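What follows is the residue order along each chain.
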Amino acid sequence: MKRLLLPGAAAFLGVASMVFAQVPNPAMLRTPSGDHPITVVHAAGQTYVSAGEVIAALGGTMSPESTGFRLTLNGVAGAFGPDSRYAVAGEDLIEMPAVPVIFDGRPYVPWQFFQGYLSRAAGLEASWDAAANTMIVRPLQQVAVSAQFSVTNLGDISKVVVTLASPVEYTLAKEGGAYVIRFRGPIQAPFGTQNIDDPNVTGAAFAGRELRIGLASPDVAGDAYRLENPFRIVLDLRRAATTSVPAPVMPQPGIRRRTEPAGIRTIVIDPGHGGKEVGAVGPTGVMEKDVALHVARKLAGALQSRLGARVILTREDDSIVSLDQRTALANQYRADLFLSVHMNAAVVKDARGSETYFLSLEASDELARRAAETENAAGGSGDGDLQLILWDLAHQEYLQESSRFAQAIQEEMNRATGVRNRGVKQAPFKVLLGATMPAALVEIGFITNPEEESKLQSSAFQDMMVEAIVRAVERYKTDYETRIGILQPARPEPPLTGGIRPTAAVEQKGRTGT
Amino acid sequence: MGRRTAVILVIALALASCRTEEKPITSNLSVENKVAMRPVALFYESPAQLLVAEQRNVALPENPAAALPLVMRELLKGSANAGVPPLFPPDTTVRGAYLLPDGTAVVDLGGQTLTDGWPTGTHQELMAIHSVVQTVVSNFPDAKRVRVLLNGGTAETLGGHISLGRPFTPNAALVQR
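From first to last, the protein sequence lines stand for chains A and B. Quick note: the first sequence, position 111, residue 111 per the working numbering, numbers continuous. Quick note: the second sequence, position 77, residue 77 per the working numbering, numbers continuous.
Bound conformation, chain A alone:
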């Protein structure tokens, strides 16, 4: 099996296999209980440590999962996968400087993964001493992190933002007439107590490691989420009577788990680009990032009011959000659907129309085929190398649903607008690559086409597109929930076409995208 999989592994690792021309080197792990030998790999200025060896030396365990590897130490779970610089530690996301790699069938992570994971799991801090070729783990010396607090009223929503100089672990709970944030480290508060003139928030009080946000009435509730760079805790608060958003369920970020099917309840809408990443630009200077944000905001509002879904935007303003972070946000919130909104561009000026994409995984198909061949040949015997392909196969799990979702969007857009139907396509979009839910990317029109650039700016055209996408989500939701048995079919619905067969990852050839 090893022999059969090696070429596939090489293809999977791509450039990593070239970068990792060196062999693993012996190094040392220094812990409060003593020194332990570990192996490390140095490449492109980064030191990667053997995740299994480090966690074992600290008394924890590591086991393979379909989405990567799972660690446990002191009952705190950690997880990392192959395509993302984001890992999970408890309920938090950790950003690593590079993606983990497999070498000799074993996973190696940037040592900074343990910096984030051990502080949460064991109150330890990790550092790398290059001169001594040693990873040092010692008790965390906590320094107070400075905090800032602001409340901005946006119509019926009050946006509370707590900005911290560096990430701090915290819990959030609604206790009577207040939201309480309890930090797990010392905080340098900007003030003790402050009254606030706002329809939803009456004041804020810092006391020790606790921040209490007073609410104007008990029915004020909303969503909470985190943003990076700088680290911010954001609460969008509003009176429950003014919104059809479901009850104030605070997000429980963490590892997405397969549980009983629960239908489509949380949707993440991703307005493409942002900040200096403007996306495509039209002949009169209209920018993709601006149209995408307008459409996404309208879409979020319509999905909340029409479907009662909890909708989260990956960006709410003209800010830069990395592609990894967008998907990580959707995974963190355990979203049931992910839709990225974009405008298209072509050098052929009369290119026009809309198209919808879902992910293609060219290299994965090769690996999946090899896996099938190997499993057939070996009678399904286990081997550590299988983990390499399981990482990729985890992505395949959602491809069939993504295909159906994309098909529904494209069909509804064609029906509603009469713009040229460019169809459903596949391509290896970075923003779709790490999504652990059905995910699609819609290209509403060509901003490089003068006529479509003008249309895309028009509120009426945007509303028509939003209406079409809402109908598509509604249709997909009904179809999906009927198929998993939550809904009883009320009348014969035309089945959503475009779904690839479950085995397509292994069998499909000549796909339409890369």
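Keep in mind that the hints were calculated from the coordinates and are not lab data. Treat the numbers as computed from the prediction; the structure is a model and nothing was measured. Mixed in with the good hints there might be a few duds.
[Claimed, not checked] Simulated crosslink set (EDC-like; lysine to aspartate or glutamate; CA at most 20 Å straight-line):
no., chain 1, residue 1, chain 2, residue 2
1, B, 34, B, 62
2, A, 276, B, 156
3, A, 276, B, 62
4, A, 174, A, 219
5, A, 174, A, 236
6, A, 159, A, 318
[Said to hold, decoys possible] Far from chain A, by Cβ distances over 12 Å, these chain B residues were calculated:
no., residue
7, 39
8, 54
9, 66
10, 95
Glycine is no exception: its CB is placed at the ideal position from the N, C-alpha and C atoms.
Fit chain B to the known structure of chain A by using the hints.
Same frame as chain A, but now just chain B:
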């Protein structure tokens, strides 16, 4: 009169050289580096928004490893037809191009626009990448897939859409038949 004669002479010489020295790029890596005019197929976007081959004779070494960067630079020069717009930003450079024994070709791109973040859309980004992929696999029989690098290293994307994390294989759906 003298100018006309010179033009005719140049055309005649060009035709003669094409007729006598057009040799395809060999797939044998160990051949000597003999330079000759060789036909190559360079892919650009047609008005039908598909990639279409443009045939061109280029002075190339026989060794494919040595020929690859030259073919890539020829592609980046753009179409001979002024009506066919370039797919890449005009300041794009080919820093290097390599053929690996496992059939992977590596094309290392550079240039200020790509480095700063290319403001483009999905379709153009996809077509630009596949113009490289299609050109490589059409001219170098041993190349099965193409890995695209930026400034010598891995990059997430060229324009915010298509992942460069894995090698690309040819996509027939993007090529005009």
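- Message: Tell me the numbers of any earlier hints that the structure contravenes, in ascending order.
- Response: 3
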